[in-house]
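Once you have looked at the hints, place chains B, C, D, E, F, G, H, I and J on chain A.
10 protein chains.
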Amino acid sequence: MEDAKAAICSRLQSAKLNSGKSYSEIAEETGLTNVYVAQLLRRQAQLKPETAPKLKASLPGLSGELIDEMMRPPLRSYNPNLIQEPTVYRLNEAVMHFGESIKEIINEEFGDGIMSAIDFYCSVDKVKGADGKDRAVVTFDGKYLPYTEQKSEDMVSRSKLR
Amino acid sequence: MEDAKAAICSRLQSAKLNSGKSYSEIAEETGLTNVYVAQLLRRQAQLKPETAPKLKASLPGLSGELIDEMMRPPLRSYNPNLIQEPTVYRLNEAVMHFGESIKEIINEEFGDGIMSAIDFYCSVDKVKGADGKDRAVVTFDGKYLPYTEQKSEDMVSRSKLR
Amino acid sequence: MEDAKAAICSRLQSAKLNSGKSYSEIAEETGLTNVYVAQLLRRQAQLKPETAPKLKASLPGLSGELIDEMMRPPLRSYNPNLIQEPTVYRLNEAVMHFGESIKEIINEEFGDGIMSAIDFYCSVDKVKGADGKDRAVVTFDGKYLPYTEQKSEDMVSRSKLR
Amino acid sequence: MEDAKAAICSRLQSAKLNSGKSYSEIAEETGLTNVYVAQLLRRQAQLKPETAPKLKASLPGLSGELIDEMMRPPLRSYNPNLIQEPTVYRLNEAVMHFGESIKEIINEEFGDGIMSAIDFYCSVDKVKGADGKDRAVVTFDGKYLPYTEQKSEDMVSRSKLR
Amino acid sequence: MEDAKAAICSRLQSAKLNSGKSYSEIAEETGLTNVYVAQLLRRQAQLKPETAPKLKASLPGLSGELIDEMMRPPLRSYNPNLIQEPTVYRLNEAVMHFGESIKEIINEEFGDGIMSAIDFYCSVDKVKGADGKDRAVVTFDGKYLPYTEQKSEDMVSRSKLR
Amino acid sequence: MEDAKAAICSRLQSAKLNSGKSYSEIAEETGLTNVYVAQLLRRQAQLKPETAPKLKASLPGLSGELIDEMMRPPLRSYNPNLIQEPTVYRLNEAVMHFGESIKEIINEEFGDGIMSAIDFYCSVDKVKGADGKDRAVVTFDGKYLPYTEQKSEDMVSRSKLR
Amino acid sequence: MEDAKAAICSRLQSAKLNSGKSYSEIAEETGLTNVYVAQLLRRQAQLKPETAPKLKASLPGLSGELIDEMMRPPLRSYNPNLIQEPTVYRLNEAVMHFGESIKEIINEEFGDGIMSAIDFYCSVDKVKGADGKDRAVVTFDGKYLPYTEQKSEDMVSRSKLR
Amino acid sequence: MEDAKAAICSRLQSAKLNSGKSYSEIAEETGLTNVYVAQLLRRQAQLKPETAPKLKASLPGLSGELIDEMMRPPLRSYNPNLIQEPTVYRLNEAVMHFGESIKEIINEEFGDGIMSAIDFYCSVDKVKGADGKDRAVVTFDGKYLPYTEQKSEDMVSRSKLR
Amino acid sequence: MEDAKAAICSRLQSAKLNSGKSYSEIAEETGLTNVYVAQLLRRQAQLKPETAPKLKASLPGLSGELIDEMMRPPLRSYNPNLIQEPTVYRLNEAVMHFGESIKEIINEEFGDGIMSAIDFYCSVDKVKGADGKDRAVVTFDGKYLPYTEQKSEDMVSRSKLR
Amino acid sequence: MEDAKAAICSRLQSAKLNSGKSYSEIAEETGLTNVYVAQLLRRQAQLKPETAPKLKASLPGLSGELIDEMMRPPLRSYNPNLIQEPTVYRLNEAVMHFGESIKEIINEEFGDGIMSAIDFYCSVDKVKGADGKDRAVVTFDGKYLPYTEQKSEDMVSRSKLR
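Which chain is which? The protein sequence lines are A, B, C, D, E, F, G, H, I and J, in order.
Using full-length UniProt numbering, the letters of the first sequence map in sequence onto residues 1 to 162.
Using full-length UniProt numbering, the letters of the second sequence map in sequence onto residues 1 to 162.
Using full-length UniProt numbering, the letters of the third sequence map in sequence onto residues 1 to 162.
Using full-length UniProt numbering, the letters of the fourth sequence map in sequence onto residues 1 to 162.
Using full-length UniProt numbering, the letters of the fifth sequence map in sequence onto residues 1 to 162.
Using full-length UniProt numbering, the letters of the sixth sequence map in sequence onto residues 1 to 162.
Using full-length UniProt numbering, the letters of the seventh sequence map in sequence onto residues 1 to 162.
Using full-length UniProt numbering, the letters of the eighth sequence map in sequence onto residues 1 to 162.
Using full-length UniProt numbering, the letters of the ninth sequence map in sequence onto residues 1 to 162.
Using full-length UniProt numbering, the letters of the tenth sequence map in sequence onto residues 1 to 162.
With the rest of the complex left out, here is chain A (with noise of 0.2 Å):
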């Protein structure tokens, strides 16, 4: 499965080498942020209808093949290695180190609750810091999801087994 996957990814990514366009400029034809364009052509997020047209415009050389398989709902998945990539680590670096930060600062803000990883949005964006120097700001945006309370009236389907 997994061979299958990465063979499908290939030819995506030779899909987009042949199109000369970066994850931006295809971001920016089909209205959608530039790592999620990335994630599509990984295979990682499921093309939706309406974006296929959009996409397929943007990148003429998928076929209709390739369409069908990205509008599968995909087996989302990493090879754990990544994390030697030095990029991702500084990332997975900042997650651990800040993240009971993060975590105590939304229940502060927020409730008992989490922050989304699935009605979630990321993006790169290239912004000028203070000192007029290049910097990259990855931001991630996820819906506010309080704990449930769970009351026994409210769990219907256990309200049926009994």
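Hints listed in this document are in silico derivations from the structure and should not be mistaken for laboratory results.
Computed from a predicted model, the values in this text were never measured in an experiment.
Heads up, some of the hints might be wrong.
[As the list claims (entries may be wrong)] Restraint ranges, calculated between C-beta atoms of paired labels, are given here: (1) J/K133 with B/D3: 50 to 56 Å; (2) A/A15 with F/R72: 48 to 54 Å; (3) F/S159 with I/I83: 42 to 48 Å; (4) J/K128 with H/A4: 39 to 45 Å; (5) G/K54 with A/A15: 31 to 37 Å; (6) H/M71 with D/A15: 54 to 60 Å; (7) B/D3 with A/R11: 50 to 56 Å; (8) D/D134 with F/V127: 20 to 26 Å; (9) F/P146 with C/A15: 56 to 62 Å; (10) D/A15 with F/D3: 54 to 60 Å; (11) B/A130 with C/A15: 27 to 33 Å; (12) G/E50 with C/P80: 42 to 48 Å; (13) H/K128 with C/P80: 50 to 56 Å.
Think of the CB as a built atom: it goes at the ideal place given N, C-alpha and C, for glycine as much as any other residue.
Showing chains B, C, D, E, F, G, H, I and J alone in chain A's frame:
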């Protein structure tokens, strides 16, 4: 911090022990699921203000200080060795052996998304099987969360950035 | 061996794909749970002789050779990286976070024992929550197995040894 | 919690040490297997009400408080480093080296199922080998549990759900 | 050493608790980001001399001894089990699932280099999504650092060696 | 190397499959234990010269080349993921949960030493339990090996060194 | 992807082998450090446009296609088992044994910050020790990067968000 | 339990320290190997009754209580981080790098079997190398144990079972 | 044991803190490298008799008891979580990413051998880079050790054995 | 790369197999230790120019191409699962159980240093024990390497830096 949490849980368990009530009995009295009651008494869930009086009524041994502590958002955690415990292991075995099937059925029935573990209910029930023998039923009931298609125009945080 | 298993699963999945049926539809036609159908098509469960004709009727594309293969006891397994998959992870999170509570409630309701993962049913259902939104319900339903008190006189194998 | 368990085990071991009896002698007096006696004194098994007086008779040093503690369902566990212990390692080596063969023979002799570790007996015996030398015999004796065919009509919990 | 750090953090958290202020409020008063304030109160960042009076003003309960301690370069660290915490896990999931895409976009937009985790800002913000619901925005903002081409003539330390 | 071993095992399994015999039947015909037969057909044990003709008689499909290969000392091994297999896991669970007790009983009954995994027998038997139900009995039977007291005069290799 | 990288590295190593030159000789000819040359020929560094002609001159066997490949930002990686290699292990041993001391000295000499691994040079040199014997000198030379004090006013990306 | 062991070892080491004797000197006085003496003083080996008086004579500071403790079968163990220690690591490196070769030579010289770690001697000696420099010689001397051919008729324990 | 080491290190660090001197200053006064001074004050290196008076002169707060302790061969060690510390991680990243290149250059320049981590120097220096900015230089300087060709006649220990 | 190494080892093993000689016989003919011969035929050691003709004479089946390959410095490595192999495991068990004792005796006999694994010999010998039974003797013979006291004046590489 962990020692502090363990110390509080130990006092919460004592209050339950002294009451002579089971988790299911407390659940009955408070209108919560039995698993959620157990989570509250392990500091794995936050006690809501409107529920506090009910729990206090069910477990009079809970001091005001403990009630206050239970109302703070907890740091959810577990001892990794917990997987050695035979009941926990068998649940884990089921998740790992059945996981890919469960995921695909969710995809087929709902679309590309997941079952939330936050907007989530869990209960343990006792039923008679077809052969009349006792069976334990563990129900995981979570809201379906569809993956967001990450369109730039919907990403408010980023549109401000640019 | 693993490659052989993967090759067979790939052929089983193709048969399903060609049929255009979902796991739940096949389940309906065969009288099995939807998760069990998916397990059969992953070689994680053994096809029983009396069920084979029903499955063959539901999925005519299954060759006799594949049916024969499905009737052998499988080597149950999973790829450890499967835990990366978001739906599987959230189920695992639930098991580890709720595990000790589930165990204690089983102890209180049934006694010292476990919920079997062998005499076991699993299904995925779609229900409406109290707020009318779709929810996925994963049910783990296993026979309660009490721990044996290991009396010498009951241990037939050892009494022969002496 | 673990410290509490360790403290109790230490007191249980002291009671045995003071009695001057071996596990096999206590087993003889109580009608239990020798391994099960050792498990009771490590809080890895629950002392049953009808057995408590026999154990108390065999180990008079056990206080009523300890007996009460032993009658609660234990949290079964082990220190992962235990595998370093040479006897434990060799048993583990045998399980991992012989495991696939044992599984296949169970399949051939019984069908698709497992040997239970819950409805289970374990003993250590001393026998003379063909060469007259001492041999240790560790017997694992578990009920055969066939995998359930998960038919919808037999899954009582789910039929209620629908 | 670790115990010493935990003890200090516990005292720092008490000072905050007594003040009744949230991290964001202290951030407002001191001109720092909210996450950075939380890092200071966990000894994951160094308090700068010019900021010390502002923090002291905002949290009068901080003793001079604690302020002195906060001004020493900390040993940054985290408990590896922190990844169990649901908010932290979801951030980690995002990093690992999106990591390769983020890296490639940085390469396309900036060149061969990384986003620094040292010359780095992190904040948590609350925004309204397109649907009017609350969303948490975690921003990682780091300086772009290009990989050095390692020319001998530019490597001062080595030129001295020869 | 591992691929080579897998290829040979695959051919050995085919020979058994073609014979239509179970491991226990071959064991009966060759005078070996059933587990040992299975180990031979996995290249986890060495075929002895005097046993080769008996095995050849029982499994005529074994070519001379395969018989030769089976007579070489094997590199004993296993796939670490084998522990996922439910039967193997339950054996492992038993070893880790009962291990310290087994060790102590061996010490009490035999002295300071271990049960060998080399001068070792393993079999799987089918017995009726006290309740008349089928039970699997896995017997581990190993020679007791006392730890040597390491006296200089007995250490021939070292006395030569000096 | 990884196989693709390995295939390219194999071709790059062949080009070097055919040239009969050592890394240090190529370094001499191209003005790069010897370690950087080796990294280029492992696709662990990006070949810069102005350096490409020099490398081509030094290693004429490099095809234009390989040169093009070398100019793309690489996915930096390593085989985790590389730590088994004795030279690599001893470097790792030094890092882990000396690491805390190195960190504290950097703090004392520079302030709260780190030594960059991006704006970084590495070389291997051969020197004579005080006893006249050959010694290998591995130099790690990185820019000092001070930790940023995260002031809100300096965080441009966030100020836009609000 | 582990703390108890550590406490006893600490007292044993004190007794040695007070005696001012090295392990090799105690070995000389007691007729044991130097490594075995060190193992005794770490509770990694059992003190035999006939050796106890000799050890008491060599280390008069050992109390009767400590001697009694040393005569019980120990729970052999080690701290997994011990592999960080440079001498231990280099021994481990040698075992892993040379292991397959050692195994094959044992097979060629002795047959299909192993070198026991139970009927085993270990010593450290100081010799002059061919160049007159000091060398440490670690000798592992274990009884050759051939793998048993598992014939049913020789397996006494099983023959009783049937 | 580890607690004992930590307690001593804590006292050694206090002595340094009270002196108000940096590692580099103590290094200057004692003629040692700065890293080695730090290792001595962490009990990762042995204080030599002739150096003890110099260190005592530089750090008068060191008691005679501490000096005695420092003169014993230490058990070198580290906390595995140290790799989380950003400076240590970046050194580790460099070792793993550059490791194979470093090894090959040592082979080309010296032959088949390694850089010793025992006959080894380490220092941290502050230099100005080509751009005038501060850089940290970590130097690893170890004796080249060629692998021995293991000739029987040169192996004195074995020639005695035969 | 690893596949390439495995392919060469396979050809080297074939050359030995065809010769019908054991490692010890080849060792006898070439003047090397038996373990070193085995290492050469696994590409874990470098064949020296003066030894090449002797090996070629002993194993005429070695092609010139293989001889050339054997003369290159190898990338020493091992499969981590090798520890499963019973002989290798028992050696590892000995190293980990006896390791701290061996280290301390080296310290007492030689001073603060280690036994080298580079200037190192290893052999397997067959001796008769005191009871006349066969014993395997594995000898690890390494040069004693004292830890360097890191004096600034002796660190040539650093003195140049300043």
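*asked:* For each hint given before, does the structure comply? Return the numbers of the non-compliant ones in rising order.
replied: 6
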